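Asker: Use the sequences and the hints to build the structure in full.
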Amino acid sequence: MKRISIDPITRLEGHGKIEIFLADDGSVANCYFQIPELRGFEKFLQGMPVEEAPRIVARICGVCPAAHHLAAGKAVDAVYGVEPTSTAKKLRELYYSAHYVHSHIAHFYALAAPDFVLGPDSDPAKRNILGIVEKVGVGIGGEVLKHRRIAQDIQIKVGGKSTHPVWSVPGGVSKGLTEEERKWVEEAAASCVEFSKFSLKLFEDVVLKNKAYLDLILGDVFEIDSYWIGTVDAKNKVNFYDGDARVVDQKAKEVFRYKAPQYLENIVERVEPFSYLKFPYLKKVGWKGTGRSRSSSATTGAWPTATSRSPSCAGSRSSSRECRWRRRPASSPASAACARPPTTSPPARRSTRCTASSRRRPRRSCGSCTTRRTSSTATSRTSTPSPRPTS
Amino acid sequence: MAKLKLASYWASACGGCDVAILDTHEKILDISAAADIVLWPIAADFKYKDIEAMPDGDIDVTLFNGAVRNSENEHLAKLLRAKSKVLVAFGTCAYLGGIPSLANLFDRKSVFDCVFHASPSIDNPTKTDPQTLTKVPEGDLSIPEFYDTVRTLDQVVDVDYYVPGCPPAPERILEVFTAIVEGKLPPKGSVVGASEKTQCDECPRKKNEKKIASFKRIATEQPADHDTCYLEQGFLCVGAVTRAGCGSRCQNSGMSCRGCYGPPPGVIDQGAKALSAIASVIESKDEAEVERIISALPDPLRSFNRFGIAASLLRRKLL
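Chains as they are written, first to last, in our numbering: chain Z, 2 to 392; chain A, -19 to 299.
Hint data in this document are derived by calculation from the structure and do not stem from the laboratory. A few of these clues could be false.
[Stated by the list, open to error] Output of the computed footprint for chain A on chain Z, the stretches with three or more beta carbons under 8 Å from beta carbons of chain A: (1) 124 to 130; (2) 189 to 197.
[Claimed, not checked] In silico contact screen, one side only, chain A against chain Z (beta carbon under 10 Å); selected entries: (3) I11; (4) C73; (5) V136; (6) C240.
Given the structure is predicted, the values throughout are model-derived calculations rather than measurements. Each residue gets a CB set at the ideal place from its N, CA and C atoms; glycine is no exception.
Answerer: Structure, rendered in structure tokens:
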């Protein structure tokens, strides 16, 4: 059986590879997404002072350290039974929001956009952020770099450090914000909002107005038949720092919701021999394998307490490409989790897409759909060993 | 002048070193003007086969971040050593082992038992462990071998320069890059992109004579004085045994030095030096009292040696 190896997967945080097996007729027989790395935070955190966990687990991911830092920070608050002050909560949320801006600029322009702005058939040597700057010009490219800088600088202003933060302490934060700094942040944030509007317009012009891209996005290739989880406030608005984890089904209908301490009642992880990454799924739905059309796997939106490195970060690129941009037309039937690419799309052109299993037989589907979903418990549970008696 | 060929690779790492390169912000355009990037998994689409196809010594400079945790990391370290004129251990994981080398207090089996079996979220009825080779109906699937011991880059291959930091400060990265472009790198084996002083020397906080009568934990107490040395106030700080160069990032965050820039010049073992430094400021000559004071410091091994167990004289716990 012919195989195509994508090794390493690029333009994402973390290590991954994809093995695609082709049947005799050239169609995809099966596809495996593998994570070749493991560091074992769950183990080496054991025996450490629990208040150090936020400063250690930030190193799970250098692209989204704020998520891990604050998730563990909240867990440590709970261990000590302390509620952060209102000011501290706002500062943490502000920090995370700035992180979100930096991370999404990096994601959109450096990780995902090269496929669209330069095109999937462009020279791989140019298909990156520097190629984008070359194509769109230093003017626009400079704005991209400038606003990513501003977002990082907001984090530095608020929390002292962007990668890796050290600032969350039980019940609060270790540094406040002066009025002068607050004013600077306010102006900087306003500039980021304007830049975001520009980015949305760019997305509309370059992607949504391009029929070939739109067909690709709306086609089976980008289809993921997954549950979705996002952290929401009381009004079901997304909140990146706190709230309920809200689980919705494939039609965006709420199935259930839970709070962070109920994590273990809701999320379970499977182990497969071909990957160091675990396979999380929704406990209430049950394990249905990796290739079913109604997988119990769920894709996280915003849920800082439940992000682990590889799923969320690997997903940050692919989920946008494969999941979040997906807007299924009302008339389009739900399709299998991993659908064969439409025959009109060039074969195996960008194999990092989820162009997985053939529909002819039940199979283990492409892990890139399933493993990049609900994340492990690393930060919310096992990173917080039992507290020692305090001195 | 021909453009340099530059590679950046991550082994057992978090991506923070690569983000630090991106954090040179607009200056990254200067880097790209002087150098062609030939490998950078986080941001560019080159594959391992592209590197394997290069003649030896074809890459001018490789910035190698991450520790050597598994057989793939080792393979890439050897491959990139062969393909690179200059190999830089970039960031504290490659330089000293970093946070991943905290796992050297354990072995593969105990890590697997915890991660894949004992974790409270695990459902593993078949007691499966990841395997280096898995046979599936379509063929064989492989993943790297997870070693018992995390190693630094220079415990695996010859290293030309070391850039400390978790992650390296972006302004220091630019200094290093400028030195590379201008051909002004110091003698081989040097630590670059950092200071020759200690973090204590550069810390903005006021320092008086240190006499510690009791240690406090940041979890339960906070420094009463935000302008005075943390250690003097009883909070563990390893700035006295850490190389400067970060710009006092943690102190600016209201936190004591964690030690991520590694030992200052002349210090062989950062953790041992920290032990010695802490012992010298205990305010008692009475053995029982000293014991009482010291016992308030939880987990001294990992607190003193947080970023460098692989490079320490200890290296790992006995297997």
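Asker: Does each hint fit the structure? Answer for all of them.
Answerer: Hints, one by one, checked against the model:
1. Counting residues of the stretch 124 to 130 of chain Z whose CB lies closer than 8 Å to any CB of chain A gives 5, which reaches the minimum of 3, so the coverage claim holds.
2. Counting residues of the stretch 189 to 197 of chain Z whose beta-carbon sits less than 8 Å from any beta-carbon of chain A gives 0, not enough to reach three: the coverage restraint is violated.
3. Hint status for A:I11 relative to chain Z: holds, with the closest Cβ pair at about 9 Å, below 10 Å.
4. Using the Cβ-Cβ criterion of 10 Å, the hint placing A:C73 at the interface with chain Z is satisfied: the shortest such distance is roughly 9 Å.
5. Residue-level restraint check for A:V136 is violated (minimum Cβ-Cβ distance to chain Z is 16 Å; threshold 10 Å).
6. Interface restraint check for A:C240: the shortest CB-CB distance to chain Z comes to about 9 Å, inside 10 Å, so the restraint holds.
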